[in-house]
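**Student:** Using the sequences and the hints given, assemble the complete structure.
Chains as they are written, first to last, in numbering that gives the first Met the number 0: chain A, 0 to 390; chain B, 0 to 390.
Hints in this document: simulated from the structure, not taken from any laboratory.
Any given hint might turn out to be false.
[Stated by the list, open to error] Straight line, CA to CA, 27 Å or less: simulated DSS-like cross-link-like pairs of lysine-lysine:
hint, chain 1, residue 1, chain 2, residue 2
1, B, 59, A, 155
2, B, 257, B, 295
3, B, 254, B, 317
4, A, 53, A, 81
5, B, 106, B, 312
6, B, 57, A, 155
[What the hints assert, rightly or not] Chain A is nowhere near these chain B residues, computed Cβ spacing over 10 Å in every case:
hint, residue
7, 57
8, 68
9, 134
10, 152
11, 183
12, 188
13, 195
14, 199
15, 249
16, 267
17, 278
18, 315
19, 321
20, 323
21, 343
22, 368
[As the list claims (entries may be wrong)] Computed footprint of chain A on chain B; a stretch qualifies when at least three of its residues, placed anywhere within it, have a C-beta under 8 Å from a C-beta of chain A:
hint, region
23, 34-46
24, 141-149
25, 209-216
26, 372-385
Keep in mind the model is a prediction, meaning the values are calculated, not measured.
The beta carbon of each residue, even a glycine, is placed where N, CA and C say it ideally should be.
Read off the chains here:
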Amino acid sequence: MIEWADQIFVLLKREILLLVPVALQPLASILLSVGPIMGVFATLFAATTVLERKGLGRIQNRLGPNRVGPFGLLQPLADGIKAIIKEDVVPYRTDRVLHTLAPILIMVAALLAYSVLPLGRNMVALDLDAGVLFFFAAGATTELAIFMAGWSSRNKYALLGAMRAIAQMISYEIPLILSTVGVLMAAGTLSTTGIVEAQSGYSGLFPNWYVLTPWGFAGFFLFLIAATAEANRSPFDLPEGESELVAGYFTEYSGFKFAMFFFGEYLGLFAANALAITLFLGGWNAPLQILDWVPSYLWFFAKLLFLIGLSIWVRGTTPRLRADQLMNFAWKFMLPMSLVNILASGLWRFTGDGVLGWLVCGSLVAGSYYALGLNLAPKNAVTKRIYRFAT
Amino acid sequence: MSSSNLQLEAPLDPAFKVERRTATGRGDLLEVSMGPQHPSTHGVFRMDVVLDGERVTKLKPVFGYLHRNHEKIAENTTYLGSMPYTDRLDYFCSLTNNWAYALTVEKLAGLQPPERAEYIRVITAEFTRLQNHVCLIGFLLQDMGASGTPLMYAFREREAILDLFESLTGARMMCNYMRFGGCRVDLPSGWLDQASKVVDRFPRFLDEFDRLISGNEILAARTQGVGVLPRELAVSASVTGPVLRASGVNYDIRKVDKYGIYDRFSFRVPLGDHGDVYDRYMVRVLEMHESLAILKSALRDIPPGPIMDPKAKLRSFKPKAGEAYGRIESAKGELGFYVISDGSANPYRYRVRPPSLINLTVLEDMCVGHTVADAVIILGSIDIVLGEVDR
Numbered sequence: 000m001i002e003w004a005d006q007i008f009v010l011l012k013r014e015i016l017l018l019v020p021v022a023l024q025p026l027a028s029i030l031l032s033v034g035p036i037m038g039v040f041a042t043l044f045a046a047t048t049v050l051e052r053k054g055l056g057r058i059q060n061r062l063g064p065n066r067v068g069p070f071g072l073l074q075p076l077a078d079g080i081k082a083i084i085k086e087d088v089v090p091y092r093t094d095r096v097l098h099t100l101a102p103i104l105i106m107v108a109a110l111l112a113y114s115v116l117p118l119g120r121n122m123v124a125l126d127l128d129a130g131v132l133f134f135f136a137a138g139a140t141t142e143l144a145i146f147m148a149g150w151s152s153r154n155k156y157a158l159l160g161a162m163r164a165i166a167q168m169i170s171y172e173i174p175l176i177l178s179t180v181g182v183l184m185a186a187g188t189l190s191t192t193g194i195v196e197a198q199s200g201y202s203g204l205f206p207n208w209y210v211l212t213p214w215g216f217a218g219f220f221l222f223l224i225a226a227t228a229e230a231n232r233s234p235f236d237l238p239e240g241e242s243e244l245v246a247g248y249f250t251e252y253s254g255f256k257f258a259m260f261f262f263g264e265y266l267g268l269f270a271a272n273a274l275a276i277t278l279f280l281g282g283w284n285a286p287l288q289i290l291d292w293v294p295s296y297l298w299f300f301a302k303l304l305f306l307i308g309l310s311i312w313v314r315g316t317t318p319r320l321r322a323d324q325l326m327n328f329a330w331k332f333m334l335p336m337s338l339v340n341i342l343a344s345g346l347w348r349f350t351g352d353g354v355l356g357w358l359v360c361g362s363l364v365a366g367s368y369y370a371l372g373l374n375l376a377p378k379n380a381v382t383k384r385i386y387r388f389a390t
Numbered sequence: 000m001s002s003s004n005l006q007l008e009a010p011l012d013p014a015f016k017v018e019r020r021t022a023t024g025r026g027d028l029l030e031v032s033m034g035p036q037h038p039s040t041h042g043v044f045r046m047d048v049v050l051d052g053e054r055v056t057k058l059k060p061v062f063g064y065l066h067r068n069h070e071k072i073a074e075n076t077t078y079l080g081s082m083p084y085t086d087r088l089d090y091f092c093s094l095t096n097n098w099a100y101a102l103t104v105e106k107l108a109g110l111q112p113p114e115r116a117e118y119i120r121v122i123t124a125e126f127t128r129l130q131n132h133v134c135l136i137g138f139l140l141q142d143m144g145a146s147g148t149p150l151m152y153a154f155r156e157r158e159a160i161l162d163l164f165e166s167l168t169g170a171r172m173m174c175n176y177m178r179f180g181g182c183r184v185d186l187p188s189g190w191l192d193q194a195s196k197v198v199d200r201f202p203r204f205l206d207e208f209d210r211l212i213s214g215n216e217i218l219a220a221r222t223q224g225v226g227v228l229p230r231e232l233a234v235s236a237s238v239t240g241p242v243l244r245a246s247g248v249n250y251d252i253r254k255v256d257k258y259g260i261y262d263r264f265s266f267r268v269p270l271g272d273h274g275d276v277y278d279r280y281m282v283r284v285l286e287m288h289e290s291l292a293i294l295k296s297a298l299r300d301i302p303p304g305p306i307m308d309p310k311a312k313l314r315s316f317k318p319k320a321g322e323a324y325g326r327i328e329s330a331k332g333e334l335g336f337y338v339i340s341d342g343s344a345n346p347y348r349y350r351v352r353p354p355s356l357i358n359l360t361v362l363e364d365m366c367v368g369h370t371v372a373d374a375v376i377i378l379g380s381i382d383i384v385l386g387e388v389d390r
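**Tutor:** Have a look at this one:
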């Protein structure tokens, strides 16, 4: 029974495939993987827009959308209809081909990444041996789309936004990838399912997730921060920077093209969070052994929703960084920290997960965090001030 | 398309000559017209900025888009007739605008408002200051990219104060409340208790706001050392208000002129030492605490009595020939009115000294060398209202 609930979608696919002629089975198999992924994540996107607006609303003492449907739950539908029927304005003397291609490309790039993400036990579209590498390669394509959008719009805000986006995304790609190296070394594989399986099982009460090791803990947060920057989310939303650059690289997009950018961006966010779950939070594994009976895909989506909630919370409460501070943070803190983290994960292999391991790796990570943090803060830049009063 | 006579490549303003090459000679400067439609120019204000990458090398403020011929209209209207127009100068602070104009004409006509009217004026003016500052810091953080959370918190408090204004004057923003020699209507019953409740509640909000954002490291990193206004420049450019006090100059017209009954209240004037955006932010926060102290004692001490000078007459009001300059410390700085009377029912000359406009003259000095993102928050920290700048 438990097994059946866990594998229901896998079994369903197998049964449907048996109904299809043998010659068409590979094609049907692809469709049966791609269709549900697109459907599920499009729904999640719609749900997240409501969740984000409601969540931000609650943070800001507002109600958020509450007019369309019960509790405003049909708001994304209304938004979608509005986006479709809106006039698609293409500004004068833009590069029309690139201008149209950019929002398509950003969606394609974001969707490609989903092919290697394990959404549950045996639920991965493409179990590549180099799955993590494929993920980063596909994810890096979004930079191209953003630059295409910024360049082809023939708008100075768009150009500035694209310039910021390229600088930011290339800078954060490095710590993003380096922070996963520890996991890859510990799991000994680049396959996403292999990494999740390496984190299955429990030692005592705790699961064998990589986030519960000193280097994994640091790596998880490094990854999450870099992924937030990659997804252009607050506090790293400089490429959009609505108070400075109007809307950044998609200033000149309207109607459905704008919606596609929006969609692509959220897909990117989900993909990055899903990879964080796969690499550090044990993928589909249950956090406690006694909860093992809950279907694996539910665990995956529960973790995904938790991380989405976290990013909404961060968005509601932080101001934006400035471009140079962002770069400083990437190159002076994130990069050395992720390099130290690789060293710590290597040491962990020799010291084991006992007291010695925690002492050596933990102090290495914590010490470098402290030292780099001191180094990052420019002298006299951030100070507590005391104010004079004249009577 | 080349046949089009649209000249997209033409410079924005022929008088605004710029070097096309960067200082290093390796690229072109980018000339961006920020505004008049821009999310964070606080109205229809335009900044022509010349950018070297993201760094501002030249900035020209352009205003006048909201020019409404206020001064000429006032010269063709009766003295009282232009009182409602003064509401529309700085539409955040209509009550202080009223007061400044009433003060000037009272000087001209030799009227003396009774005690109760003076108290009401102080109370409404300090409430105006509170709601102006609270909005300003909300907008400033919004410009910094804080997703609207501080702004919504600020607007929640502003609502309470606007409700007070509504029950007193009948309007939330365009109050049109002061008259020459007093006030239009007396306080409605229960107003003082309601006002006391707002005053008692306010420190809680300020503490909450402090906890939410004032200690935020991103805020400090974004604002400290940014947009420094040196003391000498501030004085020689005749900058006034919190911007001047943040540069360390002890100049508050409430203390200097002691107009109205400000000599009866003990309050302190917070002064900054650095003159940067952070100081301007904090000076306003601290000023709110002082305003609360004034409000507390004013609400406690307000005497019963008439609210109009018996000598004042509303109809056929013709002050004797002469001239007067009245000034008050509005939330933004020295708000002055200069009125010349030729003995007729209309002023012969009517002139407003708008603090926003004069504080704006130092914008370029503060912005050059900083990035676009900084230019936006520097503009936000000056606290301009285009109704007052353009008149």
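**Student:** Determine which of the earlier numbered hints do not hold for this structure and return their numbers in increasing order.
**Tutor:** 3, 10, 15, 16, 17
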